[in-house]
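Single-letter residue listing:
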Amino acid sequence: MQVKVEPRSETSRAVVYATPVLAVLLTVISGYFLFLFLGLAPAKTLYHFLISPTLTFYGWSELCVKAGPLVLIATGLAVGFRANVWNIGAEGQLTLGAIGAGGVALAFWDQSGVWILPLMCFAGVLGGMIYGAIPAYLKTRFEVSEILTSLMLTYVATLGLGILVYGPWRDPQGFNFPQTRMFTDSALLPLVLDGTRMHVGILVTLAAAVAAWVLMTRAVIGFQVKVVGQAPAAARFAGFSRNRTIWLSFMISGGTAGLAGTFEAAGPVGQLVPHLTPGYGFTAIIVAFLGRLHPLGIIAAGFLMAISYNGGEIAQVEDRLPQAATGVFQGMLLFYLLACDFLSRYRIRLASSRREVGPS
Amino acid sequence: MTITVTRRTFLAGSAAAAGTMALGRAGTALAADPLPVAFVYTGPIGDHGYTFAHDVGRRAVEAHFGDKVKVTFVENVPEGPDCERVIRQLATSGNQLIFSTSFGFMEATLKVASQFPKLKFEHATGFKRANNLAIYNARFYEGRAVLGDIAGRMSKAGVAGYVASFPIPEVVMGINAFTLAAQKHNPNFKTKVIWANTWYDPGKESDAAKALIDKGADIISQHTDSAAPLQVAESRGVYAFGQATDMTSYAPKAHLTAVVDQWANYYIDRVQKVIDGAWTSTDIWWGFKEGLVGLAPYNAAMPADVKAAADKLKADITSGAVHPFTGPIKNQKGEVVYAAGQKASDEEMLKMNWYVAGVES
Amino acid sequence: MISESIVNISAAVISASTPLLFAATGELVVERSGVLNLGVEGMMLMGAVTGFAVAVSTGNPMLGILAAAVAGAALALVFAALTLTLMANQVATGLALTIFGIGLSALLGSGFVGQTVPALPKLALPGLSSLPVVGPVLFGQDGLVYLSVALTAATAWFLKRTRPGMMLRAVGESAESAHSLGLPVIRIRYLATLFGGAAAGLGGAFLSLSYTPMWMEGMTSGRGWIALALVVFGSWRPWRVLAGAYLFGGVTILQLHAQGIFSLPAQVFSMLPYLATIAVLTIISAGPWRGRLTAPAALGKPFRPSV
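Chains as they are written, first to last, in the working numbering: chain A, 2 to 361; chain B, 8 to 368; chain C, 72 to 378.
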């Protein structure tokens, strides 16, 4: 008898659902010892970390607020990742989206009208796309790696936002602090529910994820993106252009990131500030892969990440869990999730050594 | 003990949240219960700078009140969409008094305060106040004026280097107060400023300090949070000033003194007011006089006359005899902004976005 | 006076570039074996905190440096186990490693905030270091600086001239072909990943023991990300990566000197290192070298021997 690992030809639905549960279980066990070691009451801390964020209606609304931008950006990024186009600068495209939207909001600050928000969304998407166009152009024209350009441009974007909010876009009544005016009601996303921060952008995000799902599974474009990524030679043979795919990937991922930036500025933040996001553009990369580049998987992964963030805050408040420990716990959760993925793709079984069947 | 209460209010809050605002534990606390107090920090408590100084105040509250208070803090809270949730969480969790210690938390604190009218909030360094939201700030520029006085006397080159973070009024005010005080002793004194564009990146801060020394500065001041510029000063044999806390241990030879943020007395006072039921929404800007700003012990390398002069300036500022922003003050273009004897108003200082003559930025 | 400025500015450039060079050289080897580990920032931080903690506790900076390399490699081992044995997605695992490393280093280091160690001593090479200008710049640095350059040279030699180096490159170009030739693909990738972790750990140790001799949470401030970009910049070649690290470090320092000379918003100066890197890579890519800039063909692709 020996332990054999072999790829599953077909992944059963039960395994797909069971592996994350196993991962969470392993995280709970490890977390128990981590919190015990830190001198906390482990069961209580785990409860606050993993359960509390989902206990209340308000908690769920906050999960939506947190998961929304992650899901929106990851959905866009997944398109490129399937085609091996490595946009890791969604954070910068998000920032440019916020700048575009914020620019509109400030330009029409003394006006009101239902046209302002759509215009902001347009400007936000355009901002993200234009910023995504730089790495796309440099890649298709000069073969400059998009990994480098998109990452480096993120820092430039943050500094650029700084120039604006420390300079010309500063709130004239704001004691020269680095922030713009608060947006007027016409420039703020309507709330889905009063008393929460859940804005209509979250509904748009869900719609975008579903649209992406349809696009990837039904449309030719989805097939093209997939083929270019997996078999460039075959793609050329079929007449799919690599450059077109690069452009398409950056336009989609830049656009969604820009829209996410718009939603942050016009949603929970309500103005432009120097640090508009806590790194959504980078976290979304994890979300995209955790969701296996599948729009529905991405929604699930986005909410799981949101729970780990919001739960970490609750555990800090309720149990005085050090902030650093929330990162360790979150890292462990991700490790287990990624490791358990193995079980859904490979079968481990004890077999007598003479049997050598199956795809190998 | 608190866990059940907390969870109940959490659930109650959720029911209420569907329609109106949650009230937290307001009003339900018995007199004998410890008063729950919370602090929200933007940095890590281990930054040994701004957040560390607030945390010293937090620990002083714990030490002073013992089991009469239950103190919670959340560190590394990013300014942006997350801080509102954290502050709200502290409110639903039953904290009666919440200190939010960074300017970037202002709008979020204001919003949560309006949703929890029975709880008390305090926001540091901002300008928006409400019935249950007090604001507090420290006149750090008073301390920086004393540093400038020392720099003017200790610098042979007459050139100071200033490692700055971002051009917000607080930083601009500090650079100006420092330069004006130095020029009292040496009218040709110059302050060269390098912007690190970060509050906290030890490597970049040290690079900036090195560049300033290479540009001719022989004394270094900083408005960033790490002790890296001091270490550079120590190794290059020039003097420097610490930031927010006594940083002597990082640079025993170079560290002359530091403006020390002393929030403890204020925090203790405010907690006591809540316990006594005497808390009101106030707007304070305290300095040397009230003990919110202090100086770290002088380095033995400072000559006695420099120490004496620094002590005298501190005493004069404390008594009100000297105001660091008293004319004549010229801006970089040489235009007179304040005529002889004219003093800058508090509002003018809080909005300051121009540099005095002698600042090279 | 001028020569003194040159010496000082060069020293600053070297300090700013060395941590990037360590981490980027390590990651270069990892990527040449076909593995993409985005967790450089986390491994650097683990190296920084461990190096500092050991140096403070034992009083021996050499032990600190050694421990930093081990700590970086230990974190890399987690990555290797997940991605190479359990076939987890490399990009996601690398990012998770960064989150984990940031948290763990902060947790471990909380007791060491506020402590100091003497900076690593400068090792003057006898004779050479007394040459004017060139002497102190090139031969008056601390041991880790020499080590970083030696590491670059050794990596270049190893990849180009040695049999194991060629095996590593073969694995990075096509794991399937290498496997069919009988090369131990997984073992080679494990070793490459561990080397990358150790080098990132050394980069972290340079930060906490030489550059700014102290420990503070998150003190790498994104340098791990820059190192990743520099591997791409150097098109997976050691000496070009060194050039990239010094370009980035150089512009970082020079923009500080340029402040005050030109009156532009301070943020514009801070943008320069990033923009310069993009511009230079674009010029290189548009030039006659362009055909040789491709990434290892198997980069990021999982491989599992099918026997």
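Wrong hints could be hidden among the right ones.
Pairs of lysine to any residue, SDA-like flavour, derived with a Cα cap of 20 Å [to be verified]: (1) 199(B) <-> 372(C); (2) 199(B) <-> 77(B); (3) 45(A) <-> 341(B); (4) 75(B) <-> 279(B); (5) 222(B) <-> 334(C); (6) 125(B) <-> 341(B); (7) 222(B) <-> 329(C); (8) 197(B) <-> 332(C); (9) 372(C) <-> 243(A); (10) 350(B) <-> 327(B).
Hints are computed from structural coordinates only; laboratory data are not their basis.
Structure-based check of each hint:
1. 199(B) <-> 372(C): It is violated: about 51 Å lies between the C-alpha atoms, which goes past 20 Å.
2. 199(B) <-> 77(B): violated, 46 Å
3. 45(A) <-> 341(B): Given pair residue 45(A), residue 341(B) is violated - Cα atoms ~64 Å apart, limit 20 Å.
4. 75(B) <-> 279(B): holds, 10 Å
5. 222(B) <-> 334(C): holds, 17 Å
6. 125(B) <-> 341(B): Violated, at about 51 Å.
7. 222(B) <-> 329(C): Judged against 20 Å, a Cα distance of about 11 Å means the pair holds.
8. 197(B) <-> 332(C): holds, 15 Å
9. 372(C) <-> 243(A): This hinted pair holds, its Cα atoms lying about 19 Å apart.
10. 350(B) <-> 327(B): holds, 12 Å
Consistency note: the structure conflicts with the earlier hints numbered 1, 2, 3 and 6.
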